[in-house]
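Peer 1: Each chain, written out:
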Amino acid sequence: MGSSPNSRRRFLHLLLGGLAAAAGLPRRALARGAFAGPHPEPRPGITAARVLKAEQVEDPKIRVIFDKVREIPQVVDGIRCNCGCADLEGFYSLLSCYEDKGMAQHCLVCQGQATLVHELHKKGWSLNGIRTAIDAKFGG
Amino acid sequence: MITHRLSVLALAIVAIPSPAPAQVRLSEASVISQTVDGTVITVSYSRPQLRGRPPGPDGVYHHEHMWTPGANWATTLEASRPITLNGKAVAAGKYSFWIETSAKDWTFHLHPEPRLFHTAAPKPTAMKHSFTVTPERAAESVEMLTFDFPEVRRDGATLRFRWAKVVVPLRIEVEPSRKNADMTAQQAGPYLGGWTIQLYDESKNQNTPEMKMEMLLSGGALRGVVDGPQPWTMEFIPEPDGTFLLGFVEGGKVVEVETATPIVFELENGRATRWYAKVVKGIGDKSWIWGTRRQSAPP
Chain A
1 MGSSPNSRRR FLHLLLGGLA AAAGLPRRAL ARGAFAGPHP EPRPGITAAR VLKAEQVEDP
61 KIRVIFDKVR EIPQVVDGIR CNCGCADLEG FYSLLSCYED KGMAQHCLVC QGQATLVHEL
121 HKKGWSLNGI RTAIDAKFGG
Chain B
141 MITHRLSVLA LAIVAIPSPA PAQVRLSEAS VISQTVDGTV ITVSYSRPQL RGRPPGPDGV
201 YHHEHMWTPG ANWATTLEAS RPITLNGKAV AAGKYSFWIE TSAKDWTFHL HPEPRLFHTA
261 APKPTAMKHS FTVTPERAAE SVEMLTFDFP EVRRDGATLR FRWAKVVVPL RIEVEPSRKN
321 ADMTAQQAGP YLGGWTIQLY DESKNQNTPE MKMEMLLSGG ALRGVVDGPQ PWTMEFIPEP
381 DGTFLLGFVE GGKVVEVETA TPIVFELENG RATRWYAKVV KGIGDKSWIW GTRRQSAPP
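For the record, the sequence lines run as chains A and B. Here my numbering is used: the first residue of the first sequence is 1, the next is one more, and so on. Here my numbering is used: the first residue of the second sequence is 141, the next is one more, and so on.
Take these hints with a grain of salt, some might be off.
[What the hints assert, rightly or not] With a Cα cut of at most 27 Å, we get these calculated DSSO-like pairs of lysine-lysine:
(1) Lys244(B) <-> Lys319(B)
(2) Lys305(B) <-> Lys228(B)
(3) Lys53(A) <-> Lys123(A)
(4) Lys352(B) <-> Lys122(A)
(5) Lys123(A) <-> Lys352(B)
(6) Lys122(A) <-> Lys61(A)
(7) Lys68(A) <-> Lys352(B)
(8) Lys244(B) <-> Lys228(B)
(9) Lys393(B) <-> Lys319(B)
Worth flagging that the hints you see were computed from the coordinates, not collected in a lab.
Working from the sequences, and respecting the hints, build out all of it.
Peer 2: Below is the structure:
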């Protein structure tokens with residue numbers, strides 16, 4: 001096993017906002033989850049108006065997650081859901097999973113993603129950072 | 141007295157070691173080796189030259205004739221771990237390398253006995269592995285028979301044979317050095333949660349600003365995601381001795397592992413509170429990356 005100064009320089013290059021070429025991927029792809037599919041841009045003015053109300057969610061543990069989504073619709077709307085529903089007609093983002101029929105009630109991936117999004121947002125993470133974390137955990 | 145000195149002188153002259161035997165060869169020996177994800181692939185051969193002979197059949201080689209792509213002792217191919225060669229599964233080991241040519245295509249053979257002279261070509265039925273390739277034609281002629289690795293990938297390489305204007309690329313694939321990650325939630329528990337990390341910037345002789353990192357468990361792999369100017373992901377790969385190696389993740393896969401400076405975690409009451417890259421003599425006198433526990437792990 002030998003030393004790899006290039007890997008340490010690569011880490012530094014990314015940290016200091018160096019050229020995305022150091023990572024071998026275009027900047028846009030890095031920010032948007034190159035292997036899990038692109039994350040959508042949050043729709044301007046998006047709200048939680050269509051997110052299921054608390055009384056519409058049966059399971060109290062799941063209700064807590066819906067509450068979290070309702071707090072930050074503009075962030076959740078910038079995340080792609082990796083459970084497969086993103087490919088369904090009418091689904092725009094992770095937020096869609098919590099709207100209308102609220103399919104997230106029955107999907108562990110939707111629930112896990114929303115929980116992580118909320119947690120990192122509360123910790124002050126950037127949207128791109130949250131997207132990278134979602135890809136790292138749920139990208140598959 | 142003079143007789144004695146003459147005797148001593150005679151003895152000294154006799155004792156002077158004779159020069160080494162002549163070792164110049166028309167086809168000098170060469171070795172080329174390439175490591176791919178821990179698998180070492182080596183080709184050892186003697187390099188004949190065209191020397192004005194017609195390249196191709198009825199020149200330096202003949203159709204329907206078994207020959208080794210080299211000279212003197214047969215060319216050998218050695219793999220330290222199992223590989224696939226042009227789609228053929230080849231067990232680790234050392235093989236002699238042979239070629240049969242026709243007007244249409246070439247058949248490459250591997251024989252399990254590596255130590256064969258070029259005149260002792262085995263029969264096709266005695267070969268361990270055989271596969272057919274269609275040689276390509278290059279614009280430039282190469283005087284010396286040459287093997288090289290013009291392409292190296294994360295999971296394989298291309299071994300290229302060239303002589304005169306003939307080019308034959310051979311695709312090699314290797315087994316990943318690392319088994320699938322299989323860390324359980326219980327094993328990962330002490331490490332999960334929020335961290336603050338910094339790096340030491342050698343070029344500026346200073347530490348980078350603090351950045352947020354979240355340690356997550358993903359498919360059995362312990363991954364740290366950093367929310368810097370350009371968010372990025374690294375994987376903490378457990379070693380048998382309790383340390384971890386840091387892997388750089390691209391496209392969801394580890395593409396490079398920092399093997400020289402293992403990561404050490406410090407635990408308090410069963411929970412990791414700090415980690416750092418070991419300081420290794422010859423690399424530097426300061427850890428190049430470290431993390432400090434930021435807040436409680438998520439439930």
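Peer 1: Decide if the proposed pair is consistent with the structure: Lys352(B) and Lys122(A), CA atoms, cutoff 27 Å inclusive.
Peer 2: holds (12 Å)
Peer 1: Do the alpha carbons of Lys68(A) and Lys352(B) lie within 27 Å of each other, as the hint requires?
Peer 2: This hinted pair holds, its Cα atoms lying about 22 Å apart.
Peer 1: Check whether the Cα positions of Lys305(B) and Lys228(B) lie no farther apart than 27 Å.
Peer 2: holds (26 Å)
Peer 1: Is it true that the CA of Lys122(A) sits at most 27 Å from the CA of Lys61(A)?
Peer 2: Within the cut-off at roughly 19 Å; holds.
Peer 1: Taking 27 Å as the top limit, are the C-alpha atoms of Lys393(B) and Lys319(B) close enough?
Peer 2: OK: Lys393(B) and Lys319(B) at ~13 Å, within 27 Å.
Peer 1: Between Lys53(A) and Lys123(A), is the straight-line Cα distance small enough, at 27 Å or below?
Peer 2: holds (25 Å)
Peer 1: Sort out whether Lys319(B) lies within 27 Å of Lys244(B), counting only the CA atoms.
Peer 2: Distance of about 41 Å is beyond 27 Å: violated.
Peer 1: Next pair to validate is Lys244(B) with Lys228(B); report whether the Cα-Cα distance is within 27 Å.
Peer 2: Roughly 21 Å between the alpha carbons, so the hint for Lys244(B) and Lys228(B) holds.
Peer 1: Take a quick look at whether Lys123(A) and Lys352(B) sit within 27 Å of each other, Cα to Cα.
Peer 2: holds (9 Å)
Of the numbered hints given earlier, the model fails hint 1 alone.
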